[in-house]
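Please take these sequences and the hints and turn them into a complete structure.
The chain contents come next:
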Amino acid sequence: MIRLFLIFWLAVAAAPVRAAVDIQTLTTPGGIDAWLVEEHSIPFTALEIRFKGGTVMDPDGKRGVVNLMTGLLEEGAGPLDSRGFSEARESLAASFEYRAYEDVISISARFLSENRDQAIALLKSSIMEPTFEQADIDRVREQVLSSIRSDKTDPGAIANRTFDVLAWGDHPYGSSGDGTEDSVNGLTRDDIIAAHQGAFARDRLYVSAVGDITAEELSTMLDDLFGDLPDTGPALPAMARYQLTGGVTLVPFDTPQSVALFGHQGIERDDPDYMAAYILNEVFGGDGQDSRLMTEVREKRGLTYGVGTVLLPMDYGALVMGQVKSDNTKMADSVAVIQDEWAKVAKDAITEEELTDAKTYLTGAYALRFDGNAPIARIMVGMQMIGLPPSYVTDRNDQVMAVTLDEIRRVAKRIYQPENLHFVVVGRPEGLEGTN
Amino acid sequence: MLRPVALLLTLLLAPALAGAAEVTTFRLDNGLEVVVLEDHRAPVVVHMVWYKVGAADEPLGKSGIAHFLEHLLFKGTDDLAAGELSATVSRNGGSDNAFTSWDYTSYFQRIAADRLELMMTMESDRMRDLQMTEDDVRTERDVVLEERNQRIDSEPGSLFQEQARAAQYLNHPYGIPIIGWRHEIQKLNREDAFAFYQRYYAPNNAVLVVAGDVEPEDVRRLAEAYYGPIKPTLDLTERFRPEEPPQLAERRLTYADPRVAQPYVMRTYLAPERDSGDQAQAARLTILAELLGGNGATSVLGRKLQFETQQAVYASAFYDGVSLDDTTFGLIMVPTPGTDLDAAEAALDQAMSEFLQEGVDAKQFERLKFQIKASQIYEEDDIQSLARRYGAGLTSGLTIADIESWTDLLMAVTEDEVMQAARKILDRRKAVTGWVMPAESTEVMQ
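As you go down the protein sequences, you meet chains V and H in turn.
Start counting the first sequence at 336; every next residue gets the next number (the working numbering).
Start counting the second sequence at 7; every next residue gets the next number (the working numbering).
Hints listed in this document are in silico derivations from the structure and should not be mistaken for laboratory results.
There may be inaccurate statements among the hints.
Computed Cβ-Cβ distance ranges for the label pairs, DEER-style [stated by the list, open to error]: (1) T315(H) x L571(V): 41 to 49 Å; (2) G491(V) x E244(H): 54 to 62 Å; (3) K379(H) x G491(V): 35 to 43 Å; (4) R704(V) x Q316(H): 50 to 58 Å; (5) L361(V) x R245(H): 50 to 58 Å; (6) D433(H) x A470(V): 32 to 40 Å; (7) T729(V) x D141(H): 43 to 51 Å; (8) N755(V) x R144(H): 15 to 23 Å; (9) T523(V) x D348(H): 31 to 39 Å; (10) A286(H) x R704(V): 34 to 42 Å; (11) D348(H) x L361(V): 42 to 50 Å.
Cβ atoms here follow ideal geometry from the backbone N, Cα and C, with glycine treated the same way.
This is the structure:
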């Protein structure tokens, strides 16, 4: 963390601190763009790497292959077998995390200054030359299968899968990126090698670093790390078509507490109305304790321990989505209250006071996100992926403050569509009828 | 490496170190202990009040009262309306929350450093001046019951762990769930909450931790102004809980639930915790857990059970020494589909007995020591977790000196000491072994 130059903003009463991280942008001699914040007070560096693509790249019939491939990157690389690779990483006290998400593969690395070159060499081998030995494939496959089996009796996972398939049909968004037992059992070493070849390419790469490293050192390091990648990756998938209409889908499941997912189509991240929608969501169902939904469903009625909503702008589709868990005897009440609130916010939006409170919260909280090397690196790589400039860090609070109540009212009507609100409820909710 | 099932395991290496953060401590006249951790890299502060009271201090039959009270602290005071504290924190761009353990209850805010005074105003107010209506209590009890529904009753793994703990602790209140038994939560009332509050929420039973972009002398001035005038509870005595009797019979449980898709075996042994001035055995057990279960590809259990015999999709060990009284050392094995729980437990026993024969792998030991050393560097980047470490330590019977010497104690552990500690603790006759397995749902059976 890092040199946050913080300026007190005297214009408003609550005077939010402003995050102004000293972001350097650089292009390496090899042509790789990267963002850097130098922080030399602690002798380590956090490196965040993203490859656009992710589990949506699974070919037909090979659902789960990107996830399994990603899980295998640290299971042997170059001359090292699985154990050898882990021992080498432990000897350096470095940490590498490889994760496959729907739209992206993320690699998070943390390494000490004293053995940085060795750590990068090891990281490179895992990305460029993983061994994918059959024994490792079979072992990690069992771990994935175990997780898939556990999801089958997990009400939250059942709700997710049900909502996804209803919303997105046979687009990859309609199914779990883990795959099914059948699809994962059918994956071969050749499938995994093909997935690996398609996953990592220069035109899919986003990278940021924060820590004890100079721009020149980072530049050399990145050319070494990514210089051998192909220039372009395979075609990205088409947009997903949202297929769900309003209603309630019940999935009977024996559990004392029902789980409900609810939502409908949302708003893209690059939409000019996104900031207004973001503020609206914060007031309506955001992560503060005092959102409208928390107040109505939890504080006033005691119907749940937690309820919330999020905007989910994804690369090939967008949702506005919420979750609530309530006792089977209370879920019908929770659903009714949420439907009612959804209609209210669509019709009357929020009050001037709620807007002001949300602005002071959001502008004040922003600087607090920049609280460590890895968090700052994650924020920066995320900004790159959605096309925001480095100046967003200093401009963002102004953008929040600039949103007017008129905009909010217009956007509330656009974003919240009570007639399209669909609930997927898993459990034995008493007195709640399905509509299908 | 993918983790197959979400199991509530404590991060093993977490308890290492107090890094380079500047630490200042002092005590107010009313007994409030204050810890200031400086990190001036960002204008942010974490303000935490830790009470030395938790679920293991509850009156008989009132399980869940410590946690229920934690919820009620967000209702009003004489000066604050219900919900006003959190709303004020939000309006100032901060976040706040609280958590309850067996040994402590903690309240915290994370906010711009120049709002520290406002946080102290509100937090000191609710140390003594809580107010709540019958209505608040009724509604919040429903919220807690929903929390229990969510965290425990909907999670077969949590239900099993609740049963396993109850079997582990025959006499000590660690056998009671933090959130409380459902039938007792249902009867908790306003009087119970107030009685507990008035006795235990007092400056001489609390630790204030302030971490971030602050100067110790400013914290002292503010703490004296806001917390200083609060009267202590005069008759508070040191916490004394019933001890466990010697365990003479192996304890075993089988938990079957139709919602379990992935069976597993878990075994826990009663184990010494980190005692003030006497943390050596806990340091050995911390290292032992890491050697047995740290990373699947290099740990003893991972190598033997995931790689060699291939009977486990996941095998590990866990231990957390931060505890006022005796804690547990645990082993877990999640078998592959072809391995039943009987065979899984036999394989786990076999792996452990081989380990006791073979001893510590010197290279693994050396790598672990280097990682502990490096964790001190990485830790400097996370002042909030450092703040939690001090708060949890000081409310679990440790002193500042104990907390600060911990990394050195870990580094000083020898291979022989680890093996001695292992031989001493790994006695199956003194363990609780649980099988978690799927059950046919009643519906299917009818």
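**Pairwise beta carbon distance, K379(H) to G491(V), judged against the given window 35 to 43 Å** = Since K379(H) and G491(V) have Cβ atoms about 40 Å apart, the given range 35 to 43 Å holds.
**Request:** Mind checking the hinted window 32 to 40 Å against the Cβ distance between D433(H) and A470(V)?
**Result:** Holds, at about 35 Å.
**Message:** Given the hint of 50 to 58 Å, is the C-beta distance from R704(V) to Q316(H) inside that range or not?
**Reply:** For R704(V) and Q316(H) the Cβ distance comes to about 43 Å; the hint is violated.
**Request:** Go ahead and decide if the range 43 to 51 Å is satisfied by the Cβ distance of T729(V) to D141(H).
**Result:** With Cβ atoms ~46 Å apart, the hint holds.
**Prompt:** Is 34 to 42 Å a correct range for the gap between the Cβ atoms of A286(H) and R704(V)?
**Reply:** Holds: the Cβ-Cβ distance is about 40 Å, inside 34 to 42 Å.
**Asked** Should the hint that N755(V) and R144(H) are 15 to 23 Å apart at their CB atoms be regarded as holding?
**Response** With Cβ atoms ~36 Å apart, the hint is violated.
**Request:** Hint says 50 to 58 Å; check whether the CB-CB distance for L361(V) and R245(H) agrees.
**Result:** 56 Å, holds
**Message:** Verify the CB-CB distance for T523(V) and D348(H) against the hinted window 31 to 39 Å.
**Reply:** 33 Å, holds
**T315(H) paired with L571(V), Cβ distance criterion 41 to 49 Å** = Since T315(H) and L571(V) have Cβ atoms about 43 Å apart, the given range 41 to 49 Å holds.
**Message:** Can you tell me whether the CB distance of G491(V) to E244(H) sits inside 54 to 62 Å?
**Reply:** 43 Å, violated
**Request:** Could you say whether the range 42 to 50 Å given as a hint is met by the Cβ separation of D348(H) and L361(V)?
**Result:** Distance hint for D348(H), L361(V) is violated at roughly 59 Å.
The structure does not agree with the numbered hints 2, 4, 8, 11 stated previously, though it agrees with the rest.
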